[in-house]
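Trainee: I would like the entire structure built from these sequences, with the hints used as guidance.
Below are the chains, spelled out letter by letter.
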Amino acid sequence: GQQLNQSPQSMFIQEGEDVSMNCTSSSIFNTWLWYKQDPGEGPVLLIALYKAGELTSNGRLTAQFGITRKDSFLNISASIPSDVGIYFCAGRQKKSSGDKLTFGTGTRLAVRP
Amino acid sequence: GAVVSQHPSWVICKSGTSVKIECRSLDFQATTMFWYRQFPKQSLMLMATSNEGSKATYEQGVEKDKFLINHASLTLSTLTVTSAHPEDSSFYICSARFSLQETQYFGPGTRLLVL
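Respectively, the protein sequence lines represent chains A and B. Residue numbers for the first sequence follow our numbering, beginning at 1 and rising by one. Residue numbers for the second sequence follow our numbering, beginning at 1 and rising by one.
By construction, these hints were calculated from the structure, which means they are not laboratory data. Any given hint could turn out to be false.
Stated by the list, open to error - Heads up, incomplete: computed chain A residues facing chain B, CB under 7 Å, no partners named:
(1) LYS36
(2) PRO39
(3) GLU41
(4) GLY42
(5) PHE103
(6) THR105
(7) GLY106
Said to hold, decoys possible - Once the Cα atoms are required to be at most 35 Å apart in a straight line, the calculated DSBU-like pairs of lysine-lysine come out as:
(8) A/LYS94 - B/LYS14
(9) A/LYS100 - B/LYS14
(10) B/LYS20 - A/LYS51
(11) B/LYS14 - B/LYS66
(12) B/LYS14 - A/LYS51
(13) A/LYS51 - A/LYS94
(14) A/LYS51 - A/LYS36
(15) A/LYS36 - B/LYS66
(16) B/LYS41 - B/LYS66
(17) A/LYS51 - A/LYS100
(18) A/LYS70 - B/LYS14
(19) B/LYS55 - B/LYS66
(20) A/LYS100 - B/LYS55
(21) A/LYS70 - B/LYS41
(22) A/LYS70 - A/LYS94
(23) A/LYS100 - B/LYS41
(24) B/LYS64 - A/LYS70
(25) A/LYS94 - A/LYS36
(26) B/LYS64 - A/LYS94
(27) B/LYS66 - A/LYS51
(28) A/LYS100 - B/LYS66
(29) A/LYS51 - B/LYS41
(30) B/LYS66 - B/LYS20
(31) B/LYS20 - B/LYS64
(32) A/LYS94 - B/LYS20
(33) B/LYS41 - A/LYS94
(34) B/LYS20 - A/LYS36
(35) A/LYS70 - A/LYS36
(36) A/LYS100 - A/LYS36
(37) A/LYS100 - A/LYS70
(38) A/LYS100 - B/LYS64
(39) B/LYS20 - B/LYS55
(40) B/LYS64 - A/LYS36
Here a beta-carbon is modelled for each residue, glycine too, at the ideal position from N, C-alpha and C.
Mentor: What follows is the structure, encoded as structure tokens:
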């Protein structure tokens with residue numbers, strides 16, 4: 001099935017550093033979502049974006065919905081050890097067969113204390 | 001946020017047996033539930049979408065006779081892996097959505113190991 005391209009695939013950073021990851025697609029999406037998945041758990045929603053150009057923050061997290069509706073980025077400021085996990089972007093399209101999410105390939109984040 | 005539970009959290013079975021996984025929305029009514037499969041170090045791949053009271057819609061390449069989905073109530077959907085084989089070993093995750101809202105809430109996942 002279709003997947004969104006996320007980059008980088010993985011990051012290994014020092015605690016306190018800022019993190020930036022992005023997601024790109026050849027298709028247009030109506031909604032962009034960012035999830036975090038801990039090992040052995042389901043994804044947890046971090047931020048939802050509904051309009052092109054929208055910039056939304058949730059604590060230390062900031063995400064933007066690209067103007068072209070084909071991309072989005074997520075920034076994490078002042079990283080802490082509990083930020084470790086896999087971050088997935090997801091795009092939502094409205095289709096006649098029903099709405100569904102398409103997930104990105106994931107960015108694996110490791111934080112060194 | 002809304003709570004979605006899955007049971008069991010993990011299961012080990014012999015090849016050829018069937019396994020049923022339950023997905024429940026605990027504090028809301030979910031007219032639509034989704035089933036995903038995730039292989040190690042890979043992303044979530046949608047298997048099927050189920051609406052309460054109607055047949056599930058399967059994604060291309062997913063065998064509907066092998067992965068039976070039942071969404072009999074607004075709070076429960078089940079996925080049955082029939083005649084499971086080792087290649088069916090994976091992490092199965094469900095999600096649920098309100099009928100008029102866009103946010104999907106995910107369950108904690110069920111890890112299936114077929115020996």
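Trainee: Against each hint, give a clear statement of whether it holds in the structure.
Mentor: Against the structure, the hints come out as follows:
Interface hint status for A/LYS36: violated, as the beta-carbon distance to the closest one in chain B is roughly 11 Å, over 7 Å. Interface restraint check: A/PRO39 against chain B, minimum CB-CB distance 10 Å, threshold 7 Å, status violated. Checking A/GLU41 against chain B by beta carbon gives a least distance of about 5 Å; that is within 7 Å, so the hint holds. For A/GLY42, the suggested interface contact is upheld, since its CB lies about 4 Å from the closest CB of chain B, less than 7 Å.
For the restraint placing A/PHE103 at the interface with chain B, the shortest Cβ-Cβ distance is roughly 5 Å, inside the 7 Å limit, so the hint holds. Below 7 Å, beta-carbon pairs count as interface contacts, and A/THR105 has one with chain B at about 5 Å; its hint therefore holds. Hint status for A/GLY106 relative to chain B: holds, with the closest Cβ pair at about 5 Å, below 7 Å. Between A/LYS94 and B/LYS14 the alpha-carbon distance is near 40 Å, which puts this suggested pair outside the 35 Å criterion.
Restraint check for A/LYS100 and B/LYS14: satisfied, since their Cα atoms lie roughly 33 Å apart, inside the 35 Å limit. Simply put, B/LYS20 and A/LYS51 have alpha-carbon atoms about 39 Å apart, too far for the 35 Å limit, and the pair is violated. Proposed proximity of B/LYS14 and B/LYS66 is supported: the alpha carbons are some 16 Å apart, at most 35 Å. For a cut-off of 35 Å, the pair hint linking B/LYS14 to A/LYS51 is broken: about 48 Å separates their Cα positions.
Between A/LYS51 and A/LYS94 the alpha-carbon distance is near 14 Å, which keeps this suggested pair within the 35 Å criterion. Between A/LYS51 and A/LYS36 the CA atoms are separated by roughly 21 Å; this keeps the pair inside 35 Å, and the hint holds. At most 35 Å may separate the alpha-carbon atoms for a hinted pair to count; A/LYS36 and B/LYS66 meet this at roughly 30 Å. The hinted pair formed by B/LYS41 and B/LYS66 meets the criterion: a straight-line CA distance of about 24 Å does not exceed 35 Å.
In summary, the hint linking A/LYS51 to A/LYS100 is supported, as the alpha carbons are separated by about 17 Å, within the 35 Å threshold. A C-alpha spacing of about 44 Å is found between A/LYS70 and B/LYS14, which places the hinted pair above 35 Å, so the restraint is violated. Annotation: proposed proximity of B/LYS55 to B/LYS66 holds, straight-line Cα distance about 15 Å (limit 35 Å). Simply put, A/LYS100 and B/LYS55 have alpha-carbon atoms about 16 Å apart, close enough for the 35 Å limit, and the pair holds.
Annotation: proposed proximity of A/LYS70 to B/LYS41 holds, straight-line Cα distance about 24 Å (limit 35 Å). A C-alpha spacing of about 15 Å is found between A/LYS70 and A/LYS94, which places the hinted pair at or below 35 Å, so the restraint holds. With a CA separation close to 22 Å, the supplied pair A/LYS100 and B/LYS41 stays within the 35 Å bound. Restraint check: the Cα-Cα separation between B/LYS64 and A/LYS70 comes to about 32 Å, which is no more than 35 Å; the hinted pair holds.
Taken as a hint, the A/LYS94 and A/LYS36 pair is honoured in the structure, with Cα atoms around 23 Å apart against an allowance of 35 Å. Of the supplied pair hints, the one linking B/LYS64 and A/LYS94 holds, its CA atoms being roughly 23 Å apart against a limit of 35 Å. Under the criterion of a C-alpha separation no larger than 35 Å, the hint pairing B/LYS66 with A/LYS51 is inconsistent with the structure, at around 39 Å. Distance hint between A/LYS100 and B/LYS66 is fulfilled; the C-alpha atoms sit about 22 Å from each other, no more than 35 Å.
A hinted pair counts as satisfied when its Cα atoms are at most 35 Å apart, and A/LYS51 with B/LYS41 qualifies at roughly 31 Å. Taking the CA atoms of B/LYS66 and B/LYS20, the gap is about 12 Å. The hint holds against a cut of 35 Å. Of the pairs offered as hints, the one joining B/LYS20 and B/LYS64 holds, with about 14 Å between alpha carbons and a cut-off of 35 Å not exceeded. Taken as a hint, the A/LYS94 and B/LYS20 pair is honoured in the structure, with Cα atoms around 30 Å apart against an allowance of 35 Å.
Under the criterion of a C-alpha separation no larger than 35 Å, the hint pairing B/LYS41 with A/LYS94 is consistent with the structure, at around 28 Å. The suggested pairing of B/LYS20 with A/LYS36 holds, with an alpha-carbon distance near 27 Å, which does not exceed 35 Å. At most 35 Å may separate the alpha-carbon atoms for a hinted pair to count; A/LYS70 and A/LYS36 meet this at roughly 20 Å. For a cut-off of 35 Å, the pair hint linking A/LYS100 to A/LYS36 stands: about 18 Å separates their Cα positions.
Between A/LYS100 and A/LYS70 the alpha-carbon distance is near 16 Å, which keeps this suggested pair within the 35 Å criterion. With a CA separation close to 18 Å, the supplied pair A/LYS100 and B/LYS64 stays within the 35 Å bound. Restraint check for B/LYS20 and B/LYS55: satisfied, since their Cα atoms lie roughly 17 Å apart, inside the 35 Å limit. Restraint check for B/LYS64 and A/LYS36: satisfied, since their Cα atoms lie roughly 29 Å apart, inside the 35 Å limit.
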